[in-house]
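Undergrad: Sequence:
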Amino acid sequence: ATISHITTNGTMSSHTPVPEGTKLTITLPDDFHHHFRDGPSTANVLEHATQQFGRAIAMPNLRPPVTTTERALAYRERILSSLPKDLTHGSFEPLMTLYLTDNTSPDEIRKAHATGHIKACKYYPAGATTNSDAGVTDVKKTYPALRAMEELGMILCIHSEVSTPGIDIFDREPVFIEEIIKPLVKDMPKLKIVMEHISTKDAVDYVMSAPENVKASITCHHLLYNRNALLVGGIKPHFYCLPILKRETHREALLRAATSGSNKFFLGTDSAPHAVEVKEAACGCAGAYTAHCALQLYAEAFESMGALDKLEAFCSFNGADHYSLPRNKQKITLEKKAWIVPKRYAFGISQLVPIRAGESVAWSIVPN
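Using the numbering used here, the letters of the sequence shown correspond one by one to residues 1 to 368.
Worth flagging that the hints you see were computed from the coordinates, not collected in a lab. Among the clues, some could well be false.
[Unchecked claim] Pairs of lysine-lysine residues, derived as DSS-like cross-links and limited to a Cα-Cα distance of at most 27 Å, are as follows:
| no. | residue 1 | residue 2 |
| --- | --- | --- |
| 1 | Lys140 | Lys264 |
| 2 | Lys23 | Lys331 |
| 3 | Lys140 | Lys85 |
| 4 | Lys336 | Lys310 |
| 5 | Lys85 | Lys331 |
| 6 | Lys279 | Lys329 |
| 7 | Lys141 | Lys182 |
| 8 | Lys264 | Lys236 |
| 9 | Lys343 | Lys236 |
[Unchecked claim] Ranges between beta-carbon positions, derived for each pair:
| no. | residue 1 | residue 2 | range |
| --- | --- | --- | --- |
| 10 | Arg63 | His117 | 48 to 56 Å |
| 11 | Pro19 | Thr249 | 42 to 50 Å |
| 12 | Asn228 | Glu151 | 20 to 28 Å |
We put the CB at the ideal spot given by N, CA and C, even for glycine.
All chains, please: the whole structure from these sequences, using the hints.
TA: Printed below as a string of structure tokens:
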């Protein structure tokens with residue numbers, strides 16, 4: 001059997017999959033975009049996340065949003081209190097973020113940075129995704145806070161889509177690059193930026209041409225699926241996420257970027273759990289849950305490109321380096337050994353349906 005893919009010159013090529021039983025040991029990865037939610041369900045999410053990550057950026061789009069240092073530190077304590085008693089890798093560190101608003105002050109930025117626990121601010125365009133109603137309405141209103149971040153070397157994480165009602169949902173990322181990112185990078189040349197969960201060739205091309213302070217995270221579901229997974233044969237609500245899955249040409253560009261060896265791209269799952277009843281609904285929530293097998297899915301994507309030798313840098317080095325964090329010392333081992341994903345997982349008082357529910361994943365995490 002072979003796996004077909006698009007190579008960098010745009011022609012079809014084939015790679016023979018690695019043999020069953022092949023093992024790959026890499027430095028323990030970090031997840032630079034994770035939704036832990038809040039309340040009883042957090043413990044369920046952490047059971048999965050702690051099996052494959054040493055640290056994870058905790059998204060701040062709670063209700064109410066994490067807009068202050070006090071809220072971020074309190075949320076951190078709630079995450080820590082929800083950790084499994086026996087941690088697979090001996091430790092797990094939630095990396096906290098502030099939810100950026102039009103009114104975030106430079107003093108709040110300095111206060112947050114001084115804690116040592118709050119590593120970034122998250123820019124949500126108002127109304128762009130789940131719980132983003134309190135987000136930014138005008139980027140210029142955030143400039144005082146962003147200048148403080150630039151001085152401190154604090155990361156700006158950006159949901160890089162416009163939320164303007166008249167803009168087609170498949171075009172919102174390219175429009176954001178032109179209208180927001182390019183002027184912002186010009187105005188603040190030293191601000192460290194992460195364009196999160198990029199989903200288009202436009203974003204790949206921009207990040208590759210942008211200055212060194214601009215990098216991007218890529219999800220495993222955007223590497224493995226295009227919009228057919230969401231729309232062909234009926235609506236598949238568990239593939240509905242934001243940014244929405246795009247055409248195959250965009251997926252191919254993301255795959256080439258992730259597996260290129262460039263330090264501009266790194267792992268950020270955007271694993272976003274929702275109870276089954278709010279996903280399978282007339283107006284379902286955006287978010288794909290991958291925390292149960294994200295690393296294994298990234299391995300599938302890199303294997304499809306014959307690039308397993310590039311997996312460690314993408315998953316374990318590039319993000320930590322951009323965040324000025326030491327690389328993890330622990331190791332994790334993957335084995336080419338298929339397993340079937342459960343159809344549902346516990347999620348607080350409810351359940352959730354994960355990506356690949358009831359289907360096979362080609363790689364497993366095994367003891368080192």
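Undergrad: If a hint holds in the structure, say so; if it doesn't, say that too.
TA: Hints versus structure:
1. Distance restraint check for Lys140 and Lys264: the Cα-Cα separation of roughly 26 Å lies within the 27 Å cut-off, and the hinted pair is therefore satisfied.
2. For a cut-off of 27 Å, the pair hint linking Lys23 to Lys331 stands: about 13 Å separates their Cα positions.
3. Taken as a hint, the Lys140 and Lys85 pair is broken in the structure, with Cα atoms around 45 Å apart against an allowance of 27 Å.
4. The suggested pairing of Lys336 with Lys310 holds, with an alpha-carbon distance near 17 Å, which does not exceed 27 Å.
5. Under the criterion of a C-alpha separation no larger than 27 Å, the hint pairing Lys85 with Lys331 is consistent with the structure, at around 20 Å.
6. A distance of roughly 38 Å separates the Cα atoms of Lys279 and Lys329; the hinted pair therefore is violated under the 27 Å criterion.
7. This hinted pair checks out: Lys141 and Lys182 have alpha carbons roughly 17 Å apart, not beyond 27 Å.
8. A C-alpha spacing of about 32 Å is found between Lys264 and Lys236, which places the hinted pair above 27 Å, so the restraint is violated.
9. Among the hinted pairs, Lys343 with Lys236 is consistent with the structure: their alpha-carbon atoms are about 14 Å apart, no more than 27 Å.
10. A hinted range of 48 to 56 Å is violated for the C-beta pair Arg63 and His117, which are about 21 Å apart.
11. Here the CB-CB span from Pro19 to Thr249 is close to 31 Å, at odds with the stated 42 to 50 Å.
12. A beta carbon spacing of about 46 Å between Asn228 and Glu151 contradicts the range 20 to 28 Å that was offered as a hint.
Of the numbered hints stated above, those contradicted by the structure are hints 3, 6, 8, 10, 11, 12, listed in ascending order.
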